Amino acid sequence: MASLGEMLEEAKRRTESGERLAMATIVRTRGSTPRSVGARMLVFEDGLFMGTVGGGCGESDVLHATMDAIENGKPTLLLVDLTADEAEESGDVCGGVMDVFIEPLGTR
Amino acid sequence: MLDQSLSWSSEAIASVLEQRRFADLATVVGAPPAIGVEVGAKLLVDRDGSTIGTFGSAELDRAVVDDARTAMDERSSRVVSYPVPGMAQPDGRILVFHEVLEPQPQLLIVGAGHIAVPLAHYGKTLGFEVVVLDDRDKYANRERFPDADQVMAADFGGTLQDFPLTAATYVVIITRAHTYDEESLRLILNKPTAYIGMIGSRRRVQTVLRTLAGEGYDRERLSAIHAPIGLDIGSETPEEIALAIIAEVVAVRRGGTGVPLSKQIRPVSMETAAGL
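If you're matching them up, the sequences are chains W and V in order.
With the first letter of the first sequence counted as 1, position 83 gets the number 83 in this note's numbering; the numbers rise by one all the way through.
With the first letter of the second sequence counted as 1, position 169 gets the number 277 in this note's numbering; the numbers rise by one all the way through.
To be clear, the hints were calculated from the coordinates, so they are not data collected in a lab.
Treat the numbers as computed from the prediction; the structure is a model and nothing was measured.
Nothing false has been slipped in among the hints.
Which chain V residues stay away from chain W? Per the calculated CB distances, all over 12 Å, these:
1) S158
2) Q258
3) G265
4) Q269
5) A275
6) N298
7) G308
8) R310
9) T315
10) G324
11) P336
12) A359
13) L369
Label pairs and their calculated CB-CB ranges:
14) W:R30 <-> V:T345: 43 to 51 Å
15) W:E16 <-> V:V173: 27 to 35 Å
16) V:G200 <-> W:D81: 18 to 26 Å
17) V:D263 <-> W:D68: 50 to 58 Å
18) V:G235 <-> W:D46: 34 to 42 Å
19) V:P191 <-> W:R30: 20 to 28 Å
20) V:D156 <-> W:E16: 29 to 37 Å
21) W:D81 <-> V:K371: 44 to 52 Å
22) V:P368 <-> W:L79: 44 to 52 Å
23) V:D270 <-> W:R30: 41 to 49 Å
Ideal Cβ positions, reconstructed from N, Cα and C, are used throughout, including at glycine.
Using the sequences and the hints, build the whole thing.
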């Protein structure tokens with residue numbers, strides 16, 4: 001499990017070599033979510049990432065939104081709804097809701 | 109790279125983590141457009157109240173620093189909403205994520221004798237990063253300390269000279285002779301630590317403290333040393349002594365008094381509590 005310190009070192013290394021990346025952090029949760037406030041992912045231009053915000057539950061939505069943020073350079077607060085109706089489509093069953101803050105790093 | 113605003117790539121945040129400083133990293137996660145406060149802006153608030161960075165509004169900075177104090181006291185990260193500063197009819201609010209960066213405490217055990225073994229184990233169980241140091245590799249080795257994060261068989265003086273002590277380091281000095289205790293204390297007394305405890309009889313402790321006072325070490329710092337080490341639980345075995353030590357370490361960390369809960373002054377009488 002990558003610590004914040006390790007993620008920041010990696011982010012620094014990559015931004016220094018001109019790469020673009022973005023950080024996604026869970027800032028608020030309501031109901032049951034697989035990870036809690038402070039859990040985060042560092043996502044790279046090629047779609048690979050460090051860390052996790054929940055695996056099956058909502059992580060792919062976060063990943064897509066984070067890739068968008070890398071492209072358009074805009075920070076955003078994403079609401080990820082894991083309640084039953086949404087879950088049926090993707091197969092995630094987690095019951096809760098979480099706010100994920102996505103912020104691009106590196107040169108814009 | 110222009111770094112007027114605090115960002116993830118700044119030295120400040122890396123240094124807070126490295127030095128194990130307790131801090132609140134506050135980030136604007138939502139804000140109305142064109143108000144002079146940017147989404148993503150950060151303010152780092154140290155537990156001691158000092159700050160790095162700004163949101164671009166002194167009023168907002170102040171309000172966030174106040175809430176940061178509370179968040180750190182309660183040890184819980186949270187999103188707080190603030191009014192837009194300087195607007196009579198604010199349209200929308202500013203959302204700030206207070207992320208409490210609580211450092212993992214470090215237990216530095218100087219002296220790897222009998223007490224150190226259970227002490228290292230209890231430290232790990234209680235969430236400390238455990239480091240053990242002794243100059244004898246017969247004692248400071250992986251077999252005796254399988255779950256310690258670091259085991260160092262090296263010279264006390266040389267090692268402590270370079271060891272990165274932090275405000276979240278709890279130092280327990282339990283070496284085999286008071287000369288090693290003294291040597292170790294000399295090297296750590298003037299550096300930041302959360303706690304220094306030293307084992308020994310009252311006589312041994314007095315000898316060491318008098319020697320150091322005689323050498324000119326600050327008396328206040330000397331009297332802050334927890335010696336003889338540990339809470340009074342009548343310990344006899346190495347495990348019991350280790351328990352008394354780790355209990356004192358936790359009490360210092362969490363601000364507990366070490367006094368039995370049953371002996372503390374209560375606002376309600378025993379009769380009320382018993383439902384009479």
